[in-house]
Amino acid sequence: MKFKNIKLFTLLTFSFLSLPLLAFGQTGGTIRGTIKTDVNQSPIGGVSVEITQLRRNTETDENGAYEFTSIPPGRYTLVTHIEGFSDRAQTVVLTAGAPAAVDFSLSLTALREEVTVTATGAEESVFESFQSVNSVGSTRIREQANTSIGEVLEREAGVSKRSFGPGTSRPSIRGFEGDRVLVLQDGIRNGSVGSQSGDHGEPIDTLNLERLEVIKGPATLLYGSSAIGGVVNAVTGDENNAHPGFRGSFTGLGGTVNRQGGTSGNVEYGYKRFLFNASGNFLREGDYNTPLGRIPNSAARSYGGATSLGYFGDKGFIKGSFNLDRRRYGVPYAPVFESGVLLTTPSGEPCAGEEKEKRGEEPCQYDIFAIRDAFANQLPPTPDEAIDLRMRRNNYRASGGFRDLKSAIPQADFYFDFTDYRHEEVETADGIDTVATNFLNDTFTYRGVFQQAGYKNLTGRFGFEGFRRSYLTEGAEQLVDGRVRQNNFSVFGLEEFSFDRVALQFGGRVETNRYRPTNQIYQERDFTGFSGAIGARFRLWQGASFVANFNSSYRAPALEELYNFGAHPGTVTFEIGDQNLERERSNGIELSLRQNLRRVRINGSFFYYGISNFVYLAPQDEDGDGNIDVEDNLPVAAYLQNDSRFVGADVTVDVDINNYLGAFFIGDVVSARLRDSFDTPLPRITPARARFGVDFRYKGLSVRPEAVFVSRKSANDVFALETPTAGYGLFNVNASYTYATERYAHIFTFGGQNLNDKLYRNHVNFIKDLLPEPGRGVRGSYTIRFF
Numbered sequence: 085m086k087f088k089n090i091k092l093f094t095l096l097t098f099s100f101l102s103l104p105l106l107a108f109g110q111t112g113g114t115i116r117g118t119i120k121t122d123v124n125q126s127p128i129g130g131v132s133v134e135i136t137q138l139r140r141n142t143e144t145d146e147n148g149a150y151e152f153t154s155i156p157p158g159r160y161t162l163v164t165h166i167e168g169f170s171d172r173a174q175t176v177v178l179t180a181g182a183p184a185a186v187d188f189s190l191s192l193t194a195l196r197e198e199v200t201v202t203a204t205g206a207e208e209s210v211f212e213s214f215q216s217v218n219s220v221g222s223t224r225i226r227e228q229a230n231t232s233i234g235e236v237l238e239r240e241a242g243v244s245k246r247s248f249g250p251g252t253s254r255p256s257i258r259g260f261e262g263d264r265v266l267v268l269q270d271g272i273r274n275g276s277v278g279s280q281s282g283d284h285g286e287p288i289d290t291l292n293l294e295r296l297e298v299i300k301g302p303a304t305l306l307y308g309s310s311a312i313g314g315v316v317n318a319v320t321g322d323e324n325n326a327h328p329g330f331r332g333s334f335t336g337l338g339g340t341v342n343r344q345g346g347t348s349g350n351v352e353y354g355y356k357r358f359l360f361n362a363s364g365n366f367l368r369e370g371d372y373n374t375p376l377g378r379i380p381n382s383a384a385r386s387y388g389g390a391t392s393l394g395y396f397g398d399k400g401f402i403k404g405s406f407n408l409d410r411r412r413y414g415v416p417y418a419p420v421f422e423s424g425v426l427l428t429t430p431s432g433e434p435c436a437g438e439e440k441e442k443r444g445e446e447p448c449q450y451d452i453f454a455i456r457d458a459f460a461n462q463l464p465p466t467p468d469e470a471i472d473l474r475m476r477r478n479n480y481r482a483s484g485g486f487r488d489l490k491s492a493i494p495q496a497d498f499y500f501d502f503t504d505y506r507h508e509e510v511e512t513a514d515g516i517d518t519v520a521t522n523f524l525n526d527t528f529t530y531r532g533v534f535q536q537a538g539y540k541n542l543t544g545r546f547g548f549e550g551f552r553r554s555y556l557t558e559g560a561e562q563l564v565d566g567r568v569r570q571n572n573f574s575v576f577g578l579e580e581f582s583f584d585r586v587a588l589q590f591g592g593r594v595e596t597n598r599y600r601p602t603n604q605i606y607q608e609r610d611f612t613g614f615s616g617a618i619g620a621r622f623r624l625w626q627g628a629s630f631v632a633n634f635n636s637s638y639r640a641p642a643l644e645e646l647y648n649f650g651a652h653p654g655t656v657t658f659e660i661g662d663q664n665l666e667r668e669r670s671n672g673i674e675l676s677l678r679q680n681l682r683r684v685r686i687n688g689s690f691f692y693y694g695i696s697n698f699v700y701l702a703p704q705d706e707d708g709d710g711n712i713d714v715e716d717n718l719p720v721a722a723y724l725q726n727d728s729r730f731v732g733a734d735v736t737v738d739v740d741i742n743n744y745l746g747a748f749f750i751g752d753v754v755s756a757r758l759r760d761s762f763d764t765p766l767p768r769i770t771p772a773r774a775r776f777g778v779d780f781r782y783k784g785l786s787v788r789p790e791a792v793f794v795s796r797k798s799a800n801d802v803f804a805l806e807t808p809t810a811g812y813g814l815f816n817v818n819a820s821y822t823y824a825t826e827r828y829a830h831i832f833t834f835g836g837q838n839l840n841d842k843l844y845r846n847h848v849n850f851i852k853d854l855l856p857e858p859g860r861g862v863r864g865s866y867t868i869r870f871f
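Start counting the sequence shown at 85; every next residue gets the next number (the numbering used here).
Among the clues, some could well be false.
Claimed, not checked - Here are the simulated DSS-like cross-link-like pairs (lysine-lysine), alpha carbons at most 27 Å apart as the crow flies:
id, residue 1, residue 2
1, K403, K490
2, K399, K356
3, K490, K399
4, K852, K842
None of these hints come from the bench; they were simulated from the model.
Take these sequences, add in the hints, and give me the full structure.
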């Protein structure tokens, strides 16, 4: 069957199944309650309440009351969420003909019932999720406020930052980076090219996020083969339910290490069944400071805005939104690589400029150890030129769906998203900007998800997803000659059986990717594969569970892995793609132990992934002289395939010792190597890390000093184009104060980072031997929320 026919058949099938053909004859029960603050018992309006098993949600009215009707008898988990207060979860057993009352008292305690929408596509408690998930709320985001999501997330267990400077940092999850980590905004890919190069950032407005969710490990079932290493979902909090009146927030912030200053705000207004939302942001960061001095051309600035309008009826909704993002950030020391000043002859003489002419035919070499030693205790000379990236992203989204239908498909959601993305690589000399390279990436994404009606112990959802992408580079750094079109389509399903002490989850996804270059020198490539997973969650003792997952995930090679050819300072290589690459296959297991009590929360995971045909950049020595080949002043590297394995663990522990004192520990370790005869380490794998701290609390005040320890990367644990990295220790302090009333919440945050002013380098940084990490600095913010 042709590809177009498969899509048409799938869409017609889903449309048919979503019709209300099956009515329920049984009259259900009612769950109702009220939600108040624990300080003065004031009712809280606008709190989201969800029955996780049924994926049904509602909001409290101005009196703090909520109600669910027509609920079948059974055991259910209710989760509450409103920003500025702790999330809460309670379990209720509903019997036939008897209503149930479930009241909540929300507080400002440090231990919060984190929620996620990314793991299964619907809101649920992180503790109940089958996959390992980190959920970072808006207060913690503002404590780490930055233009890049990599900087915000680097303190999370299992997450580090891959960077080429502060404006370009992107999350690395359990050693996976690039195309293997998918970045979403409200569940849909954001259409950037951040995965393709170390000097490309992600256009995410961190200041107006409700939370950042990180799925650690393969998430290919719901999100496709680009999520074989994990997913980062930026959740904006743009509601899918109308509420009366105004709700919003305003934030101002500043910092010293990079002369940071910024502001953001958002407002929602609900009238009857309509809801309007608008937000905006501005953030500026100067060159950041290190113990060796300020890093030239490390500044960044961004601004943007978003607006949406939705209509929300009893049985359905429709919504449209527009989002724009503009930013410009420097790429530190990029001209140094392009000029060739880092190259030397075997006798140690420079290869660049006039010296290159004097040396005759003596070969150049890229001596990474000479570079490390030269700049171990001093910064490289400031280049005469500067290279910036100037980014523009426009996003248009339409969504709609059905709710609470009396059918086999009681709920369905549809999304249509178009992203117009452009960025220019700007070279500045003598104050004059010249655009050297243009990157153009247009992406149209569509997605439909259908919720099945619960039948006894079975719940589930299925859907379809696809995107059409048009990618083009023009100019000096044209790594692919001509436009490449990518067409992706997939169908997926995820089912769950729930019993008193055991729950099972299983699912699958079939996906096809087609690459169609317009230049006939390139091959057309088609990839089709299946991903599947099965998991089990066992309740052990009160508040404890054990989760075991097995997954087999497929990944098609990325566009850059197939077609790139040319000098690429963003990966510090002369990059050579391979049009004959095969698909990757990852088979992995993950074992997790979780404890969730009133005063103690523990979440620990062990994982192992064996990947066949793993794609990686390998240095080349075609002339066999023992040195890495050099082309256009950069070391030559080609995309090759080999089997690999990733093994590691991460753990988070939070303890409330009493009402005024808590303690926490975060740790992770990962080892990633090729399964070749040399057991070759893979590049940019995060060293083992540990973070210890205490939490002093009084009413709405929380002060959290912490110590961070990162182990060294020794010579036998680094890739061919890497140098060893020394271990280090840091001392940080984070604090927040929240004062809440019935209608307002005032949130103050303070952060002191690297207060011991330690000189250290991030092993996952592409240019770590030139670029030390920030030194001592403080930042603060103030947020007012009204609801």
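Right, here's what the structure says about each hint:
no.: 1; hint: K403 <-> K490; verdict: 23 Å, holds
no.: 2; hint: K399 <-> K356; verdict: 15 Å, holds
no.: 3; hint: K490 <-> K399; verdict: 10 Å, holds
no.: 4; hint: K852 <-> K842; verdict: 15 Å, holds
In summary, the structure agrees with every hint in the numbered list given earlier.
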